[in-house]
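Visitor: One-letter residues, chain by chain:
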Amino acid sequence: MAVVQRIRDPIHSLIEFDDSDVEAALWQAIQTRPFQRLRRVKQLGFSDYVYPGASHSRFSHSVGVFHTARQLLRVIQAKSQTPYKRRQAETALAAALLHDIGHGPFSHAFESVGKTLGLKLARHEFVSEALIRGSEIAGVLNQLGSGFADDVAEVIKAKGPRTLYDAVVSSQFDADRLDYMRRDRVMAGSKHGGIDYDWLIANLDIAEIPIGVDDVGAGTFPTFVVGPKSIEAAEAYVLGLFQLYPTIYFHKTTRGVEKLFTELILTVFRLALDGAANETGLPDSHPLIQFAIDKDNLNRAQALDDTVAWGALPLFADATNAIVSEFSQRLLERKLYKAFDLRAAIKKKLNPEMSPLEMEETTDRIAAKSLEKIDLWMKDKGHKVLKDDGIRSPYKPIEESNGPLNQILVKTQTGSVLDLAELSPVVSAIRPYKFSRLYFDPGVEDYTSDLNSIVEGECHG
Amino acid sequence: MVDTRESALAAAELVQDAGGEIVGKTRIQKAAFFLERMGLGSGFDFYYKHFGPYSDDLARALHFARELGLTVEEDKKAAWGGVYTVFRSADNVGDGLDEPRHKVLGIARNSNPVALELAATALFLRNEGTAEPWSEVRGLKPTKATQENLKLAKKLYEELREVEAPVELPAF
Numbered sequence: 000m001a002v003v004q005r006i007r008d009p010i011h012s013l014i015e016f017d018d019s020d021v022e023a024a025l026w027q028a029i030q031t032r033p034f035q036r037l038r039r040v041k042q043l044g045f046s047d048y049v050y051p052g053a054s055h056s057r058f059s060h061s062v063g064v065f066h067t068a069r070q071l072l073r074v075i076q077a078k079s080q081t082p083y084k085r086r087q088a089e090t091a092l093a094a095a096l097l098h099d100i101g102h103g104p105f106s107h108a109f110e111s112v113g114k115t116l117g118l119k120l121a122r123h124e125f126v127s128e129a130l131i132r133g134s135e136i137a138g139v140l141n142q143l144g145s146g147f148a149d150d151v152a153e154v155i156k157a158k159g160p161r162t163l164y165d166a167v168v169s170s171q172f173d174a175d176r177l178d179y180m181r182r183d184r185v186m187a188g189s190k191h192g193g194i195d196y197d198w199l200i201a202n203l204d205i206a207e208i209p210i211g212v213d214d215v216g217a218g219t220f221p222t223f224v225v226g227p228k229s230i231e232a233a234e235a236y237v238l239g240l241f242q243l244y245p246t247i248y249f250h251k252t253t254r255g256v257e258k259l260f261t262e263l264i265l266t267v268f269r270l271a272l273d274g275a276a277n278e279t280g281l282p283d284s285h286p287l288i289q290f291a292i293d294k295d296n297l298n299r300a301q302a303l304d305d306t307v308a309w310g311a312l313p314l315f316a317d318a319t320n321a322i323v324s325e326f327s328q329r330l331l332e333r334k335l336y337k338a339f340d341l342r343a344a345i346k347k348k349l350n351p352e353m354s355p356l357e358m359e360e361t362t363d364r365i366a367a368k369s370l371e372k373i374d375l376w377m378k379d380k381g382h383k384v385l386k387d388d389g390i391r392s393p394y395k396p397i398e399e400s401n402g403p404l405n406q407i408l409v410k411t412q413t414g415s416v417l418d419l420a421e422l423s424p425v426v427s428a429i430r431p432y433k434f435s436r437l438y439f440d441p442g443v444e445d446y447t448s449d450l451n452s453i454v455e456g457e458c459h460g
Numbered sequence: 000m001v002d003t004r005e006s007a008l009a010a011a012e013l014v015q016d017a018g019g020e021i022v023g024k025t026r027i028q029k030a031a032f033f034l035e036r037m038g039l040g041s042g043f044d045f046y047y048k049h050f051g052p053y054s055d056d057l058a059r060a061l062h063f064a065r066e067l068g069l070t071v072e073e074d075k076k077a078a079w080g081g082v083y084t085v086f087r088s089a090d091n092v093g094d095g096l097d098e099p100r101h102k103v104l105g106i107a108r109n110s111n112p113v114a115l116e117l118a119a120t121a122l123f124l125r126n127e128g129t130a131e132p133w134s135e136v137r138g139l140k141p142t143k144a145t146q147e148n149l150k151l152a153k154k155l156y157e158e159l160r161e162v163e164a165p166v167e168l169p170a171f
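These protein sequences, in sequence, are chains A and B. Those letters in the first sequence? Residues 0 to 460, by numbering that gives the first Met the number 0. Those letters in the second sequence? Residues 0 to 171, by numbering that gives the first Met the number 0.
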């Protein structure tokens with residue numbers, strides 16, 4: 000195949016598109032309006048408030064996922080015991096390229112607003128499916144065969160592997176993770192989370208693994224596993240993901256900015272829905288107002304991107320609504336709320352001689368009790384205090400039961416397939432990353448001593 | 000539902016109304032999903048994941064229910080190779096008088112979880128506007144949606160439809 004298009008990329012260096020039907024069509028898909036919009040949606044939302052270099056877009060990530068998916072498909076071609084299924088492979092490749100097409104401005108913050116207000120078009124999976132099936136992208140994809148666009152949409156909708164080819168799009172070794180964990184650290188300028196990518200890919204293999212639901216088995220399934228020579232590379236992969244959560248994805252400052260933005264947009268949308276858009280500082284014709292009052296219109300959702308939200312900030316600053324005005328100024332001038340780290344405050348008060356596991360379990364218990372009290376304490380604080388908590392495992396949660404699809408699996412020298420945690424004491428010691436934070440401006444009112452008192456009471460209660 | 004105590008109590012009530020014990024995260028998630036869609040729920044928000052409708056809020060609430068001592072969880076190794084969780088009530092958290100909730104949770108508790116996942120997925124798809132949800136379930140879950148499991152799922156769905164609830168489940 001002749002190379003006809005090239006993209007330079009900071010992670011993959013050179014990404015080439017050849018003149019095969021599928022790559023020519025995917026190159027056309029990149030030229031569509033929905034895909035070009037991804038240039039204006041940042042991959043890491045507000046992370047550039049902490050890491051100024053981390054301003055890369057979902058456009059570059061998506062092209063990187065396409066490139067990585069092609070490498071994973073070569074693994075399938077080389078190592079699968081069953082004949083290579085070209086149509087399924089091409090479908091997976093297209094799904095990899097298009098998997099993020101539905102993301103809204105500042106993806107996760109916008110989804111959080113959508114969840115609170117029940118906005119279907121703030122859910123990126125829903126929008127992705129609608130765009131792939133119904134926009135100009137469908138026309139481009141269906142050049143590859145009748146129903147091709149629907150097949151691509153189904154891969155994304157399934158949100159997990161139905162076939163080995165789907166594992167390229169969603170699995171512990173999917174192209175999405177293999178691109179973002181490398182790209183995000185480089186663009187952030189972080190040295191955490193480095194992996195031996197080439198060695199990992201060279202040692203990827205395929206194995207049939209059992210799947211089940213709760214206590215009942217549900218058959219077997221082929222997926223990616225690592226070979227015995229890459230146990231250390233697989234360890235670094237899990238550890239890398241584990242380190243990226245606290246340092247980049249759930250960084251306390253980034254999450255604090257997200258909370259401010261979420262509250263800001265929530266307030267704006269509520270005002271618009273109540274017929275009080277004039278209090279937001281935006282004209283009625285602004286894309287954010289238009290979306291708020293016409294929330295099921297896909298074109299309105301597609302008119303939104305990060306630049307639209309950024310452009311609204313100076314207008315918000317003139318809003319008559321106090322929250323809109325204050326929070327937009329804070330975002331413009333980076334005058335952020337400070338984080339009170341509840342778990343850290345608890346750990347400071349515990350016996351340092353506790354084992355790490357006992358420390359975590361005790362912190363979990365005291366954090367839950369403290370949050371009960373904090374919820375009551377927050378009732379009269381309005382927008383002066385914002386709460387954020389979460390939990391994230393380095394593994395992709397594909398199954399609800401903790402089965403092999405949720406594990407990094409190793410094919411040993413004897414051909415048996417084992418969970419990496421059984422072979423690696425480092426990996427087996429990893430616990431999910433948890434955070435519980437309260438945000439406020441200590442310059443306006445410092446709640447640190449109130450919160451420390453609550454923690455103190457629960458530690459000795 | 001962001002209030003820690005309120006959500007933890009709602010999660011603990013699920014376990015209690017299921018008779019004090021329910022086996023598996025899928026059973027409890029899908030049971031809660033049916034309760035929400037039948038007007039018998041506590042306000043948990045569900046979206047689609049690989050294993051069907053799922054609520055992060057409920058997962059968070061279950062975590063807090065355990066940490067606040069309202070429920071007890073035990074992880075067990077399944078014969079198929081995975082690990083599943085048994086949820087038990089640790090405390091009396093509700094009046095236990097809501098008969099339709101008991102019925103729904105009783106059906107879910109005694110169900111085959113694969114069939115329950117398929118039935119919940121079909122209802123989710125139907126609510127999203129899918130014309131032929133069972134056919135789409137087959138497409139989305141080819142390994143689980145065997146003829147036998149689909150038959151079980153359809154029977155289970157009909158059983159749930161027979162429970163008198165504020166919102167009637169759609170026929171499809």
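It should be emphasised that the hints constitute simulated quantities derived from the structure, not laboratory data. Misleading hints may appear alongside valid ones.
Listed next, the in silico DSS-like pairs over lysine-lysine satisfying Cα-Cα at most 30 Å (straight line) [said to hold, decoys possible]:
| no. | chain 1 | residue 1 | chain 2 | residue 2 |
| --- | --- | --- | --- | --- |
| 1 | A | K395 | A | K84 |
| 2 | B | K154 | A | K433 |
| 3 | A | K386 | B | K154 |
| 4 | A | K158 | B | K154 |
Visitor: Each hint should be assessed against the structure and marked as holding or not.
Guide: Tested hints:
no.	hint	in the structure
1	A:K395 x A:K84	26 Å, holds
2	B:K154 x A:K433	40 Å, violated
3	A:K386 x B:K154	43 Å, violated
4	A:K158 x B:K154	26 Å, holds
The earlier numbered hints that this structure contradicts are 2, 3.
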